[in-house]
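There are 2 protein chains.
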Amino acid sequence: MNKRAVFHLVAYMTLVIGIAMVACAGISLAYREPLSVQLSLVYSGAIAIVCAGLVGFLTRGDINLSRRDGFGIVTFGWISATIFGALPYIFSGVIAHPVSAMFETMSGFTTTGASVMSDLEAIPRGIHFWRALTHWFGGMGVLVLCVAILPFLGVGGMQIYRAEMPGPSKDRLTPRIATTAKLLWGVYALLTFVEVLLLKFVGGMDWFDSFCHAFGTMATGGFSTRSASVGAYDSAIVDTIITVFMFLAGINFSLHYYALSGKPHRYFQDPEFRFYAIFLSCATLFITFNIWHADWGSLSRCFRDSAFTATSVITTTGFCTADFDQWPNASRLLLVVIMFIGGCAGSTGGGMKVVRVFIMFKKMVRELKLFMRPSAVIQMKLGGKPVEQEIISHIAAFFAIFMLIFAVGSFVMTFFTPNLETAATSVIATLGNIGPGLNAVGATQNYAAISPLGQGILTFFMLLGRLELYTVLILFLPSFWKK
Amino acid sequence: MNKRAVFHLVAYMTLVIGIAMVACAGISLAYREPLSVQLSLVYSGAIAIVCAGLVGFLTRGDINLSRRDGFGIVTFGWISATIFGALPYIFSGVIAHPVSAMFETMSGFTTTGASVMSDLEAIPRGIHFWRALTHWFGGMGVLVLCVAILPFLGVGGMQIYRAEMPGPSKDRLTPRIATTAKLLWGVYALLTFVEVLLLKFVGGMDWFDSFCHAFGTMATGGFSTRSASVGAYDSAIVDTIITVFMFLAGINFSLHYYALSGKPHRYFQDPEFRFYAIFLSCATLFITFNIWHADWGSLSRCFRDSAFTATSVITTTGFCTADFDQWPNASRLLLVVIMFIGGCAGSTGGGMKVVRVFIMFKKMVRELKLFMRPSAVIQMKLGGKPVEQEIISHIAAFFAIFMLIFAVGSFVMTFFTPNLETAATSVIATLGNIGPGLNAVGATQNYAAISPLGQGILTFFMLLGRLELYTVLILFLPSFWKK
Ligand SMILES: [K+]
Ligand SMILES: [K+]
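For the protein sequence lines, the chains are A and B, in the order given.
For the first sequence, the positions run 1374 to 1856 when the working numbering is used.
For the second sequence, the positions run 1374 to 1856 when the working numbering is used.
Rather than coming from a laboratory, the hints here were simulated on the basis of the structure.
Among the hints, a few may not be true.
Heads up, the list lumps identical chains together, so a pair's fine if it works in one copy or across two of them.
[To be verified] Within a straight-line C-alpha distance of at most 20 Å, the following computed EDC-like cross-link-like pairs (lysine to aspartate or glutamate) qualify:
(1) 1376 x 1442
(2) 1555 x 1494
(3) 1735 x 1763
(4) 1754 x 1579
(5) 1376 x 1698
(6) 1376 x 1668
(7) 1754 x 1406
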């Protein structure tokens, strides 16, 4: 690994984080909050900026990156952002234990949205805004990672998206990444801004809440400014707006880019989008009737809660309007299954990604057909294009590794949680970057009851899941560190 | 499918079942049990014999089997045995509902050992012996299926065992299967007989219990004659004998054959055996210290219970000496993970099979290495021999299908069980042919509380798991039924 170049770029990312923290002090000032809040943000920002400047200066020089350096940049970038981003929580006294503060920050930057805080109404706005901003920055990072970087690094079969990336196609990798990033960030910022306006002028939220919730939605993050999450607004309009934007955030952003470029038909040509939309519709209908049958209110109310929750879970946002942990077991288990699926590739959503699940599903059908006629030649296709055996093999391995980490993680978490349901769902909720799980980490609960060591382990799962496992896992291979 | 030939062979299997039921009436007579018990067995046997004779006569003729017919024979063979084998329970009034009786019988023939009966001490010995015999016959069927048939049908990567099968190697398939079957059954009968003698003369059981428990052990079945299972004997010697024979029953029977032919070193040359032995030892040690730490008794007692339980679960036998459902969550979850692994290929054990898990594990390591160096050529080896990519792909598909069935099955079972733990473990306990799960289907519980429809669904999972999924699943493909 080219440590100098890697840390130079990490320093650059840390600088942005530092400036943003100082800007949050401005928000706090505007709301006339106590000076201590503003100082905690300014000090944190200053520390980040100074460290970033120092490291950036010491590592200055030409930047020539190899494929391997890519892993170092994303992993250490996220870790550095988390370390510096945790400072405002600690300095302001909002979160006492440093590991808990790191948990909250990693939860922000990985757009997980799992929280250790309970009384959110008591948290200063400056801190809230910083917390929401960690989501929004995290979402920006994820977009570049998933659409522009991972397909080239070839993480778990994501090679299939190499040709799909918007932007100039014949350039060298680095300028191409920059161009693609700008296009995607444009789409991301536009959608966020539209949602802010809708929440403010149609949903009736104030500007502050509109921004915080729009950041949480488009990043599929899930941090709210209210303890009761989106349910606190008790508004069908707010629920609908957020449901729609969560749905959009769970779609491949390349498709949004093409739609904005006048090619909206590309949504329906995309097999992953079709699977996502159909599966989500079926799950919503099932849950609607399941909870309606269990007397959770009128059919329209059940549909509203079901659509919101199913969308929130499949996109791995984690906003809540209903305590789905109280729903019948069939709905609860379906939600857990949905957690494994996650959003579309190239969205800000987490989980295993719809396209992988879809290809695994096709692989199973193909396997049974092949078993029936061993001599048959069956080519697997995705959206009319053949999928290489190699890619399918990568995806199968990704699936197995994901399941292994889930199993080992659940086993480890039995030592930190009261029961198996909590242990298993705390792992998938963090590994899949969802946020809430079931039982003691359910929709109305939080992660404060888990000991700092347990929180630290879950923090690692958030990073592992967000960086699609391999990017982090290969740092544990000794050969990675060899020159 | 050549229906005539398939049903001719199924009739032949049913005939054997019928004769065995009549023989059990003799056991009942010897113990001077009420005439009604003997009549229930004689009537059941007579019905099976008459039906088998009739179908056998109507379908007489040349037997020319295609690959596809193999699936029909095993699936319909198991189903027919279950239908006729359930009659004694119904006629004797031991089990009232016909679906429950089918559940108990399928549980016997698939060597699952899940039971709907609670007061086992009140059950007549004639019925007990029949129940134990369903295990023993099931085990014989499994041995032929797994060692001689599945490798040729190519179920989920089992092609790797084609060359491993004992017996003449250059013959045509049918006589080779017959020869292999006789060799394996010889080993199976010998081990069963040795266990009977040990249980009788060293363990101090009576002849009847010795036979029933030896049948249950060698078939990795798990039906006991006591409500408290093997725990009822409260004997360290009995526990040790059964632990050792469960361990043997979970090993590939080809290895036993080679050992008896004077090649015991082949055990240690077999990578699957090594993985099985090492993994089981580690799990036993972990559970020992975990339950000892939670004050479950002296270290030696904890070791005895842990070794028995871990062996019982990994071999998918399901005998119990301790209520492992009361153990700490870490041990409980580890046991559930072990349920997925199951016994070695070519043993009477169920689950996904050790070799598949081992190869998936190697695939994951290979994937990470490939990810590190995309241009590297990494050949996967098993016991020094290269494993084809095609086989690995089959195993990955098997793993995914197993997981999908587990997820869908757990979802369905939420409608029949009180909580998610019960729903999920009832599925893995039947799909993996283990028997007991956790919670409401735990070690001291049974399946009587599940409604007949739920029991029917679990009966299907037992068959699905026992016949390695595909054999049953392809019957649902319309193309299977075409000429
Ligand atoms: K989230
Ligand atoms: K069993």
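Outcome of the hint check:
Taking the shortest Cα distances, residue 1376 and residue 1442 sit within 20 Å of each other inside one copy (8 Å), while across copies they are farther apart (62 Å). For the homomeric pair residue 1555 and residue 1494, neither the shortest alpha-carbon distance inside one copy (35 Å) nor that between copies (75 Å) is at most 20 Å. With identical chains, the CA atoms of residue 1735 and residue 1763 are at most 20 Å apart both within one copy (15 Å) and between copies (16 Å). Taking the shortest alpha-carbon separations for residue 1754 and residue 1579, neither the intra-copy value of 48 Å nor the inter-copy value of 63 Å comes in at or below 20 Å.
For the identical chains of this complex, residue 1376 and residue 1698 are neighbours neither inside a copy (46 Å) nor across copies (50 Å), given an alpha-carbon limit of 20 Å. Taking the shortest alpha-carbon separations for residue 1376 and residue 1668, neither the intra-copy value of 59 Å nor the inter-copy value of 50 Å comes in at or below 20 Å. Taking the shortest Cα distances, residue 1754 and residue 1406 never come within 20 Å of each other, neither inside one copy (58 Å) nor across copies (65 Å).
Violation of the numbered hints given earlier is confined to hints 2, 4, 5, 6, 7; the remaining hints are satisfied by the structure.
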